[in-house]
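**Student:** Here are the chains, one letter per residue:
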Amino acid sequence: MLRSYIKIALRGLVKQKLYSFINIVGLAIAIAFCALIFLFVRDEVTHDNFHKKADQLYRVIYLRKEDDGSLSADAMTPPPLGPAFQTEFPEVVRMARWKKRGEVVNYKGQSFRESIALADPDFFEMFSFPLIQGDPQTVLQDRNSVVLREQIVRKYFGDKDPIGKLISIKMGSKFYDFTVSGIAKNIPGNSSITFDFLVSHDRIKDFTPERYLNQWTGSTTLTFVELRESASVSGLKSKFPSFIRKHLGSVIEEHKGGDYSAVQFELQPLKDIYLNTKMRPFYMAGSNPLYSYILFGIALLILIIAAINYTNLAIARSTTRLREIGVRKVLGANKKKLVNQFLGEALFFGFVSLCLGIFLAEVFLPLFNNFVNKNLSMDYFSNWTTLASLVSLMFFVGLISGSYPALFLSRFRPAEVLRSRLKIGGRSQFSRWLVVVQFALSIFLIISTLVMTHQLRYLRNQNLGFRGEQIVVIPTQGSPQGTQLVNRFRNELAFHKNVVNVSGSSAAISNDNTYAICPVRFQTKQVMTHYFFIDHEFLKTMGLEVIQGRDFSRDYTADPQQSVIVNETLVKEMGWDLAIGKKIRTFLGRKEPLTVVGVVKDFHFESLHNQIQPAIFYIEPRRQLDFIYVKIRPSDIPSTLGLLGETWKKNAPNFPFIHSFLDEEFQKLYQNEERWKTVLGYTSVFAIVISCLGLFGLSALAITRRTKEIGIRKVLGASVSGLVSMVSMDFLKLILFANIIAWPLAYYAMHRWLQDFAFRIEIEIWEFLLASVIAAAITVLAVSFQAIKAALADPAESLRYE
Amino acid sequence: MIKMRDINKYYSTGFVKTFVLRNIDLDVKEGEFLTIMGPSGAGKSTLLHILGMLDTPSNGEYFFYDKPVHRMSERQLSDLHKNHIGFVFQSYHLIDDLTVYENLETPLLYKKVKGSERKGKIADMLDRFHMVAKKNLFPNQLSGGQQQKVAVARAIIIDPRLILADEPTGNLNTKEGKEVMDLLKELNENGTTIIQVTHSEKNAAYGRRIINLLDGWIVDKP
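Line by line, the protein sequences give chains A and B. 1 is the number of the first residue of the first sequence in my numbering; add one for each residue after it. 1001 is the number of the first residue of the second sequence in my numbering; add one for each residue after it.
The hints are simulated quantities; they were obtained by calculation from the structure and are not laboratory data. The reader is advised that the hints may include incorrect statements.
List time: in silico BS3-like cross-link candidates among lysine-lysine, alpha-carbon distance up to 25 Å [unchecked claim]:
1. A:Lys336 with B:Lys1112
2. B:Lys1134 with A:Lys15
3. A:Lys601 with A:Lys525
Label-pair distances were calculated between CB atoms; the ranges are [unchecked claim]:
4. A:Lys708 with B:Glu1117: 43 to 51 Å
5. B:Lys1003 with A:Ile788: 55 to 63 Å
6. B:Gly1031 with A:Ser403: 40 to 48 Å
7. B:Lys1112 with A:Leu407: 22 to 30 Å
8. A:Lys7 with B:Lys1112: 13 to 21 Å
Ideal Cβ placement from N, Cα and C applies to all residues, glycine included.
Put together the whole structure using the sequences plus the hints.
**Tutor:** Here it is in structure tokens:
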């Protein structure tokens, strides 16, 4: 019996090539899409689950009461907290504090900027990061040892054994020699804790003053604790108040007026860290789960749409199969057998689609990895959930798509079928609404993609107030001679034909998370202001225009430490008519107030998510400059960059030469948005393709139903073009409905999205019209293919059996 | 074998009932060769379909071997006709996607006949109808007469007690038609009950009893 069904299904597949193609391709695309999204979502929700002790590991959270009475949570904790937890609470078996910083590493004349992690010795006992070499218990005991990640070993040592070798790492202001004591396996992609170089947490002393290390008020490190397997979390938490009274009592009495609820601790399970968006991640990776939900929702929708498309096609095709069903009933098939046959067929299609879908998923996986920035793989055998979900995907698709045709087709009385008295489904309102929903989704996605593209292009082309493509930024990487480096660069390059100017600044221009903000007071008014330490050349190098007063100049000895240049926005906020000569007070400078000597035209020093903020510019010779800004001429850029590299090597041989163009730095601030635009763009292509297939099926159904009508109309003298437009109009009405649904939703969603940008485009009507035209054009194409075929057919053919 | 009492069949369209069959009383004995005649639209095919349990009467009683068909579930009905009734249609109704061999096999599969026995029966049938060479062809590769022979073979492969034939020669030429009718006659002589619907006086002559239908009523004279 089964063999007979398979034969029928296979022969049907070969005979009805077009239908089979549409069915299989539609389902395969949907399955491929779902498989990729599944990998993505699984990776997101199972972050950090691979640690054997994952359920016993917690991060300590520090909650403080703000002035307005609300509690703010922060993952940063005071350094003495971890050791105190371990000694005072029997529930805490182990603890490891965790911190990361960017530092320069030197080995055999090479130097690179690397991320250096610090952890307490128990780190490898708590977290499941297997060591290729080294003993997890002792590998971090010595404060001069370093553990390297597999890949880093290859970078510095090639194939040679690094154990026992010395490698020089800068900590704070000095270089220290570290002995390689262990090699860690490469870290899985779904770990929110990652490291390249790992040294003892004790090294925090190298760059943090002693007084901060032992106090309970300053938070500088993360604290992880491992609880005893049987430990009760709530029991442990109940001991926190007395712990806080003991260690923080004096601080609370002094600063919070004895309000002991002003400081609290919380334990955050390790597994919850990654998708928690409320706290800044600090030294760990984090992600917004909203993206997972949205993607998962779209994937599910696409899958259901593809499955229901199959249903529509199966019903459309059923006219040719009704006779088979009738005959089978006459020959003794009961309803159950027929249902099984049709479900089996759908599962068969599901299986073929699954194979093709897996193939497609494999083909698109590298591309997908590229734009979700992950390293996902179809691990069929190493992770049982992959295979299980693929198989259940097939059954889901098979059952959803097969059940309606199965029940619909097996229901008929054979006598009706065999005398072809039967009319195939009336005007199925259900499948028509389905097309509306599909197209609404497609139109929504197209509009969103267009608006996002438009906004991102606007951001790229927005005048930032300077020519970013001509300014090279070179970070001095905490070199103790930052200012000296800037001066040497200037002296050596001053007369080069391709270098216009060299200057330095303390803070990066192109940074949304700057902490360089301070209150500026004028009389009774106070404005929170960004501050930049710069040198005399900065405004000239950046090409910024001074609109009142003057630029800093070496002719005025009072400029350093006594004068300040402000931006237009600050002038506006202060409400000054004339800024020059105003005396302002800040924490900068000496006790004397600072005199405003110039006003610079507003320019963007943050991403366009934000309005231009008030800013002041100040020369402080005691402060090292952190960035060298070089303005170059746009001709022969490679050789100019080569020159900069040589100059760097000569003056800072222990530090790697890192450089970028300022406009690139600004683009990096929109990486997330760029990525989501790409994801949406691809998704809309998927959605359109599948909607088209659905439309194709539905028009086939409609035309089958109207074959006789078309035949009669033709006999009565209708033209082919008239018939085609008659049929197409029917579907264009559906597209109109889809637009009515999609437009407001897209407008709302994009309006919300744009609120994230202080500088944004107006949503324009052409974006909506274009999306609708695309949808309509696709509709006409898909429908007319069938309509023309029906209209060209000989009417005698369609009327013969009536 | 068959006893029908006061069978009516009508379709309700709006407030009007359109009758297809009215007050049909019919008895058929085992081994009979019955012909149902009548003009188009008289209800011949409907009566045949009701006899074959492909359709249900609107009301009335129908006993098959004294069992009340009108009270049976779908499963019982399907058991009855897969074991006892064979059908032959005017337009053959072979399954297009199956070969001659597979078409013959299908009713046996539904009857759950074992593999070896199935092969034997199909081989007998092919042999008897001189179709061995054509067993791997699809229906559309055969002439009308050949297709109808396959349809008859398929109908009798389950050794039915009753064969229902709906204008079995309607789409055939004279020679093919005669062959099929001779076949039916031979089956009848071996004890199979046959009920046929036909327009043709010549075919009707094969039968031993004729009933005439007119506008849904059984009438004495056409």
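**Student:** Against this structure, judge whether each hint is valid.
**Tutor:** For each hint, the structure was consulted:
1. Restraint check for A:Lys336 and B:Lys1112: satisfied, since their Cα atoms lie roughly 15 Å apart, inside the 25 Å limit.
2. Restraint check for B:Lys1134 and A:Lys15: the C-alpha separation of about 21 Å stays at or below 25 Å, so the hint holds.
3. Taking the CA atoms of A:Lys601 and A:Lys525, the gap is about 22 Å. The hint holds against a cut of 25 Å.
4. A hinted range of 43 to 51 Å for the beta carbons of A:Lys708 and B:Glu1117 is consistent with their spacing of about 46 Å.
5. The given range of 55 to 63 Å is respected by B:Lys1003 and A:Ile788, whose C-beta atoms sit roughly 56 Å from each other.
6. For B:Gly1031 paired with A:Ser403, a C-beta distance near 46 Å keeps the hint of 40 to 48 Å intact.
7. At roughly 24 Å, the beta-carbon separation of B:Lys1112 and A:Leu407 lies within the given 22 to 30 Å, and the hint holds.
8. As the Cβ distance of A:Lys7 to B:Lys1112 is approximately 18 Å, the hint placing it in 13 to 21 Å holds.
Checked against the numbered hints above, the structure violates none of them.
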